[in-house]
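Chemist: Fit chain to chain and form the complex, with the hints in mind.
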Amino acid sequence: MDTELSKLSELEVSTTKLQCKFASAEQPSIDDSPDDLQKLRMENNKLKLRLSVINQSITDELKMTGDSHSEDTLSITEHLEKIFAQAIATAYPAYSDVPVLVAPVNNVSAKFGDYQCNNAMGLAKQMKEKGISKPPREIAIEILKCCPASPIIEKIEVAGAGFVNIFLNKNYAVDALTNLLRNGLKPPAVPKRRVLVDFSSPNIAKQMHVGHLRSTIIGESICRLLEFLQHDVIRINHLGDWGTQFGMLIAHLEDRFPNFLNESPPIGDLQAFYKESKKRFDEDEAFKKRAYNRVVTLQSGDPNSIKAWTLICDVSRQEFQKIYDRLNVTLKERGESFYQSRMLSVVDLLRSKQLLELDEGREIMWQDSEKTGIPLTIIKSDGGFTYDTSDMAAIRHRIEEEQANWLIYVVDSGQSTHFNSIFKAAERCGIVDPSLHRVDHVQFGVVLGEDGKKFKTRSGDTVKLSDLLDEGMKQSLQKLQARGRDQVLTPEELLNAQEAVAYGCIKYTDLCHNRISDYVFSFEKMLDDRGNTAVYLLYTYTRIASIARNSGTDFSNLSDVLNTHALALDHEKEWKLAKTLLKVHDVLVKCANGLYLHFLCEFCYEICIVFTEFYDSCYCIEKNKAGEIVKINHSRILLCEATATVLRSCFNILGLKPVTKM
Amino acid sequence: MAGEDLIAQFQQLGMSEQKAKETLKNVNVTRNLQLALTQTKLPLAEGAGMLLYHMATKLKPQAAEHMPLLVKYIADRKLDNTQRVDAALEYVLRCVQKKNSSLDVAELERECGVGVVVTPEEIERVVQQKIKGTYKEILLQQRYHFNAFKILQEVRSELKWADAKSLKAAIDVEIFDLLGPKTEADSKPLPKQNDKQTKGKENVKPVLNAPTTDAAAEATDGANTIAELMKTKVHFHAPGENYKTDGYVVTDHTERLLKEHLQRTGGRVQTRFPPEPNGILHIGHAKAININFGYAAAQNGICYLRYDDTNPEKEEEKFFVGIRDMVEWLGYKPYKVTHSSDNFQQLYEWAVVLIRKGLAYVCHQKAEELKGFNPPPSPWRERPVEESLQLFEDMKRGKIDEGAATLRLKLTLEEGKVDPVAYRIKFIAHHRTGSAWCIYPTYDYTHCLCDSIEQITHSLCTKEFQSRRSSYYWLCNALDIYCPVQWEYGRLNMNYALVSKRKIGKLITERIVHDWDDPRLFTLTALRRRGFPAEAINNFCAQMGVTGAQISVDPAMLEAAVRDVLNVSAPRRLVVLQPLKVTISNFPHAKAVELQVPDFPQNPGQGTHQITLDRVVYIEHSDFKLDPEKGYRRLSPQQSVGLRHAGLVISVEQVVRDTSTGEVTELVCRCELAEQAEKPKAFVQWVSQPIELEVRLYEQLFKHKNPEDPNEVPGGFLSDIAENTMSVLRAYADRALSCVKAYDKFQFERIGFFSVDPDTTAKQIVFNRTVGLKEDSGKK
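Going down the list, the protein sequences come from chains A and B. So the first sequence is numbered by UniProt numbering: it starts at 1 and just counts up by one. So the second sequence is numbered by UniProt numbering: it starts at 1 and just counts up by one.
Honestly, the hints are just simulated from the structure, not real lab data. Backbone N, C-alpha and C fix where the C-beta goes; we use that ideal spot for every residue, glycine too. A portion of the hints provided could be inaccurate.
For each label pair, taking beta carbons as the anchor points, the in silico distance ranges come out as [stated by the list, open to error]:
(1) Glu382(B) to Asp60(A): 52 to 62 Å
(2) Tyr743(B) to Asp60(A): 49 to 59 Å
(3) Ala549(B) to Leu37(A): 46 to 56 Å
Partner residues aside, some chain B positions facing chain A, computed with beta carbon under 8 Å [what the hints assert, rightly or not]:
(4) Gly398
(5) Ala429
(6) Cys438
(7) Val728
So that you can see chain B by itself, here it is in the shape it has in the complex (with noise of 0.2 Å):
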């Protein structure tokens, strides 16, 4: 019915059918045109309907009063093109700070430009100037590979309302002119070269403000370095221009608060990574940490670490320790480490003064009562402000039970929850406060207040939070306070894991892993200790990006950025995993010789390290092979193998074995030096006069996917524990492995890439595996 009129409507503006349709299923837009078109006459000017569609299409709920005035502007050709359209939009938020504030017409066309025309000459100066002057000497040198965007820019910040489509044209005009048709060389794409610069994978350290070519960054949604996503994908707000963003909700008061805001953080970013320390932190929360820190590092700003600790129930000394722990270990410092209870006071009072307003009362609906769908309404909602006062305070004084009273909040969540609850008697001892306190604030009233407190620009926090945003900023405005603005971002969630802290916990009793930090687990303390450098993880952030959308990875993923880092940064050793005994019958030298051995082959210039060879060498079991298959390319009685670093060839002579099982147990070989044999198939690793290693070797934990899908794992998460995940081996390493500390890094060459546990002693060094080298070397 009056769809079909709106198609029609929508068409006359000028769009197609097609695009009219699509319309109609957008409702803020539909609504806003609908509006829009109540305020003006049909037919419109050419090329009017569709900025009217523009405009409606981009203006916001908070500004919405105005849009008469445009509407009528943009009828009256006034605004007659998008950038001034744009520009109206711009003006028209800017006001809306101050609440019922009267545009200033005349400032609105200043800022419009409406009415200024700009003349083809003057266009053509203009382009000439640049084109014939700053950008000759690199277009003559690009040519077409010249991105001429620039120059319209910056004719653009002279012309300002010069229209677009001539521009181009005068700017087309003028490089023809100058360089002439384009020749074969200009229509092929650019070398190489460039291509590997914007893939940046040698580019580990964050390139911290480097500037990032235009095309390079914008084609994914993630970056390389959080520094780099933080400058170049996230557009918040900034600081005192709340007002501007969606769904923010202006009041009498705004205008005065945000003024106020401004003047106490001088205009500074600040937010703020708010954990409950119910539990240690997983990669999820690094997440969390590197974009709130993140983002106010790359905006000179401040970052609170606030512990969210309203819940006395769930406190621990130990996962205070440990979050902060992890923090600084990714590599961020809190400028303030903060405590939600720190706020109980205040956050009593504005309790009481909610009561005051009558916007919260006291509830005496059981828990029960509140659960599920469509629970009854409280028959308490409309007590005497002065009863619920009384008994708010007998519920402080611990006059009433736990449970038999709560504070709540009048409002409606948009999720449909009914006047969500502020405060709960908890007889419970607080860790911070003692016995202060026995009623306990909830999440959703402490924490938008502690954000109001903390002078928050920026609340960050995951999507499931959106539907408490329209609470956040009720509570605030009930309390005429300083009103931060809420972003959210998709979770980040790691296939073939579980973080619920409750099913770890049934893993380490069960004794399936050892404990929080087992290095099967994705808790930040696993992943530290099986050896992940915390660059590789934020870096990994970063490529996840700050989008909406939520994210599930799998792990291969996250060992893909870890191999970025390590590449680069973890020096090669030798190392056999399964040493096979070979006595070289002819070594050449007189006794063991020691060799220099570069860190990293591919880049000698960072150093080297000392190793033995001696007579006895012992190479990997498996880089033997009695009976080889077609292909192979290492070490059988027929084929002979180079050692690595060693500059010797070896062939086999003769094969011990164990006369009970008939396993080979040791080599005898011939070696002839490199240069002068023929070139081997393969070089492999090997170790003289090594010293023993204990090497623990980690395989993915869970068989599926989702271990805690009932529909994946109809018998849950521990019917799905892979079997053998961890192995110990007995490796033989080079001496030159003989003082490492926990947490070094390191190549086992042909191997992968292992870390230093810190069960490490004097006596016994153990190495993790952190990854291997190959993608694929998880998977057999």
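Just chain A, same shape as in the assembly (with noise of 0.2 Å):
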């Protein structure tokens, strides 16, 4: 009995392991399915979790920038804006669509008013063709009339013709700098952005010319400006790192360092190496030959021909990123060669929406269903594919996968046609849709030499990047040691103030030309310490920044000054000075519509110039003949802390490092 009942209850052990299996078989359990499955069963969960969180991000940051309008974060522009619009709609509802025009008044004309509002002659004329007539400064004054009051006005007068100016409160000129001064120079507020900025982009195995250096530097410039406007901003170097070229010298890598594969060949000048190759491709056949096969092996992904590659590639990224470094400039890059499936893909969608034509063995795509312009080279007549390709297939990227919805190509003006046709192609294939994406071509002129022909060396090659940068140390150093600055300055304010020239010249020379006009490269010129140079705006900022510190008052802490000390705007080179620093974010946005740097180089040139007509006429430190100091104005250091700040602001944008001494 005792073994029949020892079999009993084995077979109800079984019996119940088989129906928690049959359990288990019913109702799949996380546990028992593979783990791969459950990882992605974990994985999915993850971002679901963490989409629900960013939503629930995304509802509270509108929340907080819906009623964070104050007045502090928007422009004076768009505040005016803002009024005129609502005296126009209520003055003539009829018209209330016009766009609203509000413009500071420049400097000389001040007593006329700080802003401008100039819709009255227009709507005189449309009223007109209406046939309805009203002199201009008639309805200037009914816009007055209906005009809401406003913090920041001080009073509004009509003139002329019929221009209503507008003159700014005092009052709100000193809240506004006080914030300043406690909480920093604060971006204005602006509907946010994922911007996607395509610029440098050099070619492996090519030095950096003097033509990359224009990208790069308005490139990160414009970064520097969105980042600073809170925009979303991805950098990116479209690396020319994959072509026909690769074959020639990966051939060529396979015969001068045989060993490559297990160990790394000192290529030190890739230049030479490529000209080599280079030679050799253009003379020896048999090498054209193995070139070209080489292409094919590198596509196909074979092992000994990628490790050639990235060998190669890994060389000019060093040399790159030394420039970088030097210019402060950063990037993700990207290169051609990422986008090798995805040209698969876009190939695919294009032809399955019928945009693809044969032409002559190519495949080509017409930028618009009129067949104008020059279309598109998709596919070669020998299978391959062409910088269109890329192209479509790296918008595509950057809008689909970046989620990018305002794309920059930092890209010299010769490439507008191609970069136009592309932006329409992406248009009409649905890659781009205006009404969400914003697509920018940020074109330049080229940079000339002191005879107004290319800038060349003198032996007509082209300027290498690195020589050039070397030459504007070297001539920044000249430049300080004839002032007798490496006397005063310690060896490491020397080379602060070294490196904070000469890349600054170049960067500032660059940017302050309006970027699609050609300009003349002179180091004379741009070391020059008088007119808007880079050299004038430091000097005049470390001459501010020195006015504090020698005050013998501690202006660290500017809230704790602010505490004890108010703002005055009595005298009027302080009020001009003040009203200067408040157009900042007038200039901001101007320059983020069109991404036009020099508009913000101008801004800074005329801080600069206004603030010497104020301390050449207002005492900061008042000092006795013995030079001890005998009063301190508070008010007006704070006003020099200002400027500092605001200055400081806009050379972080322009990519100037400012130096406390020099």
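Modeler: Now the structure itself:
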């Protein structure tokens, strides 16, 4: 009986086990599923949670930005535009949708007001077309009557034929500058976008030259500007790291460094290496054939070719990085090779939308249905892809995968036709939706030599960027030595000043011209300490910074100073400087709208000039004959600090490194 | 070098060389003494040196600033005995609550009785008053067995600054005067009766408020019950006197915070039991529950049950329910059930405060980088506050990947860990806060802050957390919030057992045990199922005490506590596990008779039950032997045996065997009335007209003491499973057992203690063996 019993209980146990198995088979439990499935499920859950957290955050942030349109972060022009839009809508409801024209008045005509609204003339004209005759001055008076009160406006006057002049309120200015001193310069509120900036983009195995300089400098500053405005900025370096030239480079590498798979080849001068291979390619048929073959092996992913390719790219990459480090430029590398698989899929997309046409063995795409302009070559007759293909793949990746809604290509003007075609084609095939996406080609002119021709070395070669920077360092040191600064500054301070001047002047010269025009590259002009130059701005800044330092009073904590000393803007020059500083939001918004940085350079220059006027007529620190400080004007020193704060932010966008001593 | 000098100096204080050497080993005392020596000149007056030593051993670090004063007072003989030094130490400690406060010297002198002289006449007067008055009767009765210490204490309360030696002498003289010389009887130890009382084995009910004699309890660390333990063995600080404890950090805000704390709590003791709801409770937790709930109960305070649910990965609803069940099963009721997650918002806001104060920063080192000894320091430690604030906000908003950022505290733990993590990103929903958060605080960060929020007076935890005490205090002080006191006690480990959740899970999936409450395990549910009374577990914890030492005990210790309880609480029943049929050929009754049997034979007043006696009875198979060895006392063909409670003695007439196996299947016996028969050597249990029971017998699961120790068990704990640790028997029981419910407990006479398993149904009654009757019954 015992044995039977134990058998029975054994059976019972196995039945339970089976029942468990049944249960788990019917209801697949996470624990029993294969590892990767389990992992994916978990990953999925995590992503879902993250999505819900992010959605909540978006709602929260929208709520916050919704009511944070305080007067502080709105630019003055925007504020006035709002007021006048309301005034026009009240006075002339039929014309409530006309764009409001408000602009700051330049310094010379300051007595006619600080800002001006010029809508009256336009409205008169529009009314006349409808048969209503009203003098602009009358319209201007109507608008003035309908203006709602605003804390920033002292008074509004109608002048001349129908100009509405606006005078800023001093109390507002005091408040705004006090805030600025307490909290630093806050960006003006603008709708946030996810911006992808494609800039610099040199080619592997070639030196960076002065042509890349412009893209690099302008691109970096645009990124800094947009980041300051709180946009979400992605900086992309669209490296030329793919293409037929790699066939010959790899073939040449195999000959020159047969052991490259095991030992990193010491390619010191990649450019010379490139030239050698190019020469063989042009002269040696067998080599040429092998070079073509290497293109095929590379594209098919042959490990040895990939290894060779990586080695070559790494050499270039290191060279590029040195330049970026010197110029303080940050970039994320995403070369053409990255888009290999995406080119295939973009072709599929275009084909499925029946946008590809056969043309003498090639497959082309027209940028619009009217077939205007030059079509894009998507597939060559030999089946290969072109820049058109990779740029289409890139724009798609940027919009669809990166989720950017603002694309900026910083590329020279010579490529504007190409990029216009790409943008239009992307719109045609539905990648870009103009109502959601903004796409800009930020083009720029060429750099000229002092002879007015394209910038070259004496031997006629293109100028290597590293040589140019070295030369800048040399010249800036000479300049500093000429002024005897090497006697005054510590070696560290001197080096700081030297770098700030050298790199600062190269960047600033590039940025201070309207980027579309060409400019002449001249160290002599750049290093001039008068006029709109980096050196002048840097000097002025160091002078401003030294005022508080020399006052013998502690201005390191501005909030504390403000608790005991109020800002006053009684003197005419104080008031003028204050008004100039308060334009900063207007200027930043203007720069961002057109992606022009020269407005910001001009603004900095204006600040420095107005500051100098102020400093010449207003004592900040009064000393007696013995040179002892007898009186300190805290309010004025605060105004100096406000000037320095604004300049510092602007310098940062322009890539200038402010130094406290030079 | 300095050691030699120091030893010489210490000896000048009055220490023996041996003592001086030993003292040198104690870093803190040596440091205090060295400091003291710089402030005074040797040699000191007679006795002052040792008082200095006394002071140095007792001075708490937070009162160290006042040492020069104490040294001066001792050297000047203003503090001239240990009593005064102790009073002075007590006084300065009371003053440290307020940081940088100066001492009121007049008050100090008053507190210490400086200059107070008690004359021998005064002593004599008071002593006489006591001995010839209050204590006369009892002294005459108990003579020298009376503990004179009581008199000493009482006199002392009247003559606070009387010299102890003179007092003792005066008392001895007066007693001698009263009683005369010691007789022989006075020198003998007291009779046993007293002994039994102190042993207290019969004393099972918690002796709440029962006065304990001084001598009885002091010998061991433990006590018989938790209540007794908490009242006599535990010497924690009083609420609000946090600053008097070792290592407590006093800041500018301490005084105010403690005052506010007392206002909120009304001076009540507040403790908490804070399990992570990621597993089920085991015997180790029983200690924590008893200490926290027990201490609060003993002090008329309150105890929270706080689920430390900061880690969203590991929480399951069933654990929450299970934990609460077990706390209640042990007889405790939480004042309130709380969750760490209740405080997520507050904890977050505090984290922001810490960042603002520059005490925390966002770090991007990967978890792997921080593993091991001496991980590289964080390159992000000095990043601007603004940046950390923004990034922390981004972490909270879900903008940063899991693992790509943590919030770390700028603090080094005693064990050397640098900048512990306070927050990490986890994209996992929390069972209470849902998807509201994707950053979760760590234990290190959460624990002390939740204690502070709940105004915990005593944060009791196991010794492993001693190294976290400084970070605990640091965090509370960094935020200027009330800082509780952490007290540590040793962990309780059970030998031959596993408590790891993962490993028990493995035992279950390997089908070695059936479930979390399999009676072979040491989870609390398993112990309950096995039939351990909660009271026994609590008493066991009380016996273990609250010392700092980690305790590892054999299950036998716990089983002994179980027997102590069941002995007096589990009624007895007759059951045979392996029945052998016995037919009584000369059954003296016409038909079956009913017998009244006491539930507790040693105490018949506690009730009886009825059993049936019939012609056919069943006895334990093992109680009959065909060929008995020498010394065998039970039934054999040649030897009779008594039937317990039946009043019959049976002897074998015929042995019936299975013809095929030769196995004995039945006996035919004759019976005699017990009072007529020759007294049998033994009485055995039996049943008639029985019902069938399923009885499950359990043995120790593991062969080795530490199944997880790779030295002891190289093959891992799964290789250490003993064979046949569970056996199921079909036992016969009297019908008196037919109406039982789950967890009813009985003593099956001559076998052991058994408890009704929850598997019991109307058709099938199932019993688990809780423990055998004797300690060694488990081993064969």
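Chemist: Could you run down the list of hints and mark each one as holding or not?
Modeler: Here's how the hints hold up against the structure:
1. Glu382(B) to Asp60(A): 52 to 62 Å: Violated: the Cβ-Cβ distance is about 30 Å, outside 52 to 62 Å.
2. Tyr743(B) to Asp60(A): 49 to 59 Å: holds, 53 Å
3. Ala549(B) to Leu37(A): 46 to 56 Å: holds, 48 Å
4. Gly398: It holds, given that the least Cβ distance between Gly398(B) and chain A is near 4 Å, below 8 Å.
5. Ala429: The hint holds - Ala429(B) has a Cβ within 8 Å of chain A, the shortest such distance being about 5 Å.
6. Cys438: Hint on Cys438(B): holds, closest Cβ of chain A at ~5 Å, below 8 Å.
7. Val728: Status holds, d = 6 Å.
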